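Asker: For reference, the chains in residue letters:
Protein chains: 2
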Amino acid sequence: MNGALRSGVPPINARVAGLGGSPIRELLRIATAPGMISFAGGSPANELFDVAGVARSYAEVLAQQGPRALQYSSTEGEPELRARIAQFLTAKGVWSTADDIIITSGSQQGLGLIGQVVLDEDAIVLTENPTFVSALQAFALGGARFRAVETDESGMVPEALEEAIIRHSPRAVYTIPTFQNPTGVTTPRERRNEIADVLARHDIWLIEDDPYSEIRFRDEPYSPISSDPRLAGKSLYLGTLSKILAPGLRIGWIRGPQEVLETLTTTKQGISLQTSTIDQLAALHWWENHDLEEKLDPVRAEYMRRRDAMVDGLGHALPEGSTFNRPDGGMFVWASMPEPYDANHALSVAIADGVVYIPGSQFYVSDPVPGTLRLSFVSNSVERIHEGIERLHRVFAEDYRV
Amino acid sequence: MNGALRSGVPPINARVAGLGGSPIRELLRIATAPGMISFAGGSPANELFDVAGVARSYAEVLAQQGPRALQYSSTEGEPELRARIAQFLTAKGVWSTADDIIITSGSQQGLGLIGQVVLDEDAIVLTENPTFVSALQAFALGGARFRAVETDESGMVPEALEEAIIRHSPRAVYTIPTFQNPTGVTTPRERRNEIADVLARHDIWLIEDDPYSEIRFRDEPYSPISSDPRLAGKSLYLGTLSKILAPGLRIGWIRGPQEVLETLTTTKQGISLQTSTIDQLAALHWWENHDLEEKLDPVRAEYMRRRDAMVDGLGHALPEGSTFNRPDGGMFVWASMPEPYDANHALSVAIADGVVYIPGSQFYVSDPVPGTLRLSFVSNSVERIHEGIERLHRVFAEDYRV
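One line per chain: the protein sequences are H and W, in this order.
Quick note on numbering: the first sequence equals residues 1 to 402 in our numbering.
Quick note on numbering: the second sequence equals residues 403 to 804 in our numbering.
None of these hints come from the bench; they were simulated from the model.
As the structure is a computational prediction, the values presented were derived from the model and not from experiment.
Mixed in with the good hints, there may be bad ones.
A few chain H residues that don't get close to chain W, going by computed Cβ distances all over 10 Å [unchecked claim]: (1) 73; (2) 115; (3) 250; (4) 321.
Think about it this way: if two alpha-carbon atoms lie no more than 25 Å apart in a straight line, the pair counts; the simulated SDA-like pairs of lysine to any residue are [what the hints assert, rightly or not]: (5) 494(W) with 704(W); (6) 697(W) with 60(H); (7) 295(H) with 466(W); (8) 92(H) with 322(H); (9) 295(H) with 470(W); (10) 295(H) with 469(W); (11) 697(W) with 91(H); (12) 295(H) with 697(W); (13) 697(W) with 65(H); (14) 697(W) with 67(H); (15) 697(W) with 64(H); (16) 295(H) with 704(W); (17) 697(W) with 291(H); (18) 697(W) with 233(H); (19) 697(W) with 72(H).
According to the in silico footprint, chain H covers these stretches of chain W (three or more CB under 8 Å from chain H) [unchecked claim]: (20) 669 to 681; (21) 693 to 705.
From the three backbone atoms N, C-alpha and C, an ideal C-beta is built for every residue, glycine too.
Only chain H is shown next, with the shape it has when bound in the complex (with noise of 0.2 Å):
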């Protein structure tokens, strides 16, 4: 009966050891080693963070009704905070009330638990490719299996999408519309109403993930997908205020249909109770006492000059014949290097030299391209970024090909 224990190993549910270990962890470890400049990870710029706005927000909070921040609180979110999350979902075009939305801690937990809720074994999800590994990660502990939609320079391609939806009967379509990671790609307008009429046509699940959509880097942002009154049945909207606020606190929501809410909001009962009651009081102190423009838009300034040091220096950097995009927001560039480099092998010498990305294969859901790299531009400074470049350079300098 017990054989795997007797042997000393631990018995481990067949699907979570088939994750394995991520080689994305693996290389955000060897991102901190002294000395490293960093292009891997996607967390905000330290410096940037409202530090002493959020140390007055826990010190009020804790002054004015401490009892309550410490305590027990609803699985499904304090009500002020989901309410005035639907208010800032509403201004978006996403028409909610507080009863929609659940607090999540994280929109990671979001995507956990709609793999859990919504994603039966071996359901079939959409998804762009390359896309966002987490958000598989998460999928898969539901016993979620891919299949990629093509995508252009604008995203998702609606008659793709059409028949990959008749091909695999899906479940779900995943998507990160606007400044995509990994690819910083933005759905322009009229793409996304055709998404969403193909959508609406077949009657499937769509699981918007808009966490970047706030730092833009122009003035016209596009609604999401997911404000289309057709899609309200169907349509699970994930947000955070990790890339708002801070990633520390773990505030994040789904919005979507009440009795899916419901469920999920059982689940989350079962996994972890509620998000941090402190953390949920301290940020919605926050949000109500500053304009979030005005916090946001010094942010954006910094962030789109380092975007410009980043894409400005690739040409220098990397292979003849290379391309990569300059993202109008969010936090990454995609690039792609000519046949025969490969990004997964020049890792190795890129890290001997002081500097790490993450190889582009990583976010593929199938046939993963080798030259292709995802850098991060927020997390360093413009300087540091120069720095960086200047070792990439050094990296292909060498002509290292394979």
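Put chain W on the given structure of chain H with help from the hints.
Answerer: Relative to the frame of chain H, chain W by itself:
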């Protein structure tokens, strides 16, 4: 293909849907009605939180290491907090280093992770009967099933445990040996050794849940079962700051074999990333700057007064022939009324009379006993307990038997 979608019913993972809504959750909602005296919930007393001390810790953490506190951090938790917990556990007799510990978002998240990682579909878990239902919910999400082990006034009966192991080939044994929820029972030292003997002989996983042991009203704590060195490779020992500091922060931990912690961490990464960085650092700061015993002594003294008020009143409140215990710590008193009294049926009368408890039948894995009820003695002042006892008295004075 998408029948469920087209009919307008959202597709919900069958296993999740099977859990249904928790009747206890509904009760806890009722418990917050104005004027209601609630003996239902397990919330620590609001007025005993160290709000001022916690406020100082948040302020100092943000002043001294603000950017770190607001940033992403490692999924397994802040190294200094893990080291502090290891020291705490070693002092309890469970020899540990920081590497033997991962931080979880409350011990509920620990239970959820164990359910996902260690308990395969259809794995059998042996439990006390009655037991902590939220653990069952967490484990059931991974597909586990439950079998009761016979208990007496000292907890699990070792012979019955061994018999159940032989009969059911379980993956694990789940136990709360100190101030058990819901019964308040504590397993004495000798009995712990006998249980460890059985577990070591059969090479079964021990999942030992220990949230309450610091809320003790006598001076002699027993070492956890996990302190037995023979169980080191087979024990997952859960703890929390919820009852030591405050549940609003969601800081718990699992101590276990490092290869299992590695998989628990990978899974945690997929379902939520790190526990709030700022909460971890503030909890650590608080812990390092206070004498825990000095902080807990007044809480223990007040809870003991409340326990006595509750227990001394129950003889008056409950029907003749009822039995109940006087637990040496924790939060709950367990009572049994003679047949034909039914705590489920009496509950609506109780609610109408302004007092609420949880019917004991909610906590059973099998063979629920209708006459049982769980009463929390920590959340109300002695005066409120007296009033609640009077209301309970009126319920049963009406001879409400069915």
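Asker: Does each hint hold? Answer for all of them.
Answerer: Hints versus structure:
no., hint, result
1, 73, "violated, 7 Å"
2, 115, "violated, 8 Å"
3, 250, "violated, 5 Å"
4, 321, "holds, 35 Å"
5, 494(W) with 704(W), "holds, 24 Å"
6, 697(W) with 60(H), "holds, 23 Å"
7, 295(H) with 466(W), "holds, 22 Å"
8, 92(H) with 322(H), "violated, 36 Å"
9, 295(H) with 470(W), "holds, 20 Å"
10, 295(H) with 469(W), "holds, 16 Å"
11, 697(W) with 91(H), "violated, 47 Å"
12, 295(H) with 697(W), "violated, 39 Å"
13, 697(W) with 65(H), "holds, 21 Å"
14, 697(W) with 67(H), "holds, 16 Å"
15, 697(W) with 64(H), "holds, 22 Å"
16, 295(H) with 704(W), "violated, 46 Å"
17, 697(W) with 291(H), "violated, 40 Å"
18, 697(W) with 233(H), "violated, 50 Å"
19, 697(W) with 72(H), "holds, 20 Å"
20, 669 to 681, "holds (count 12)"
21, 693 to 705, "violated (count 0)"
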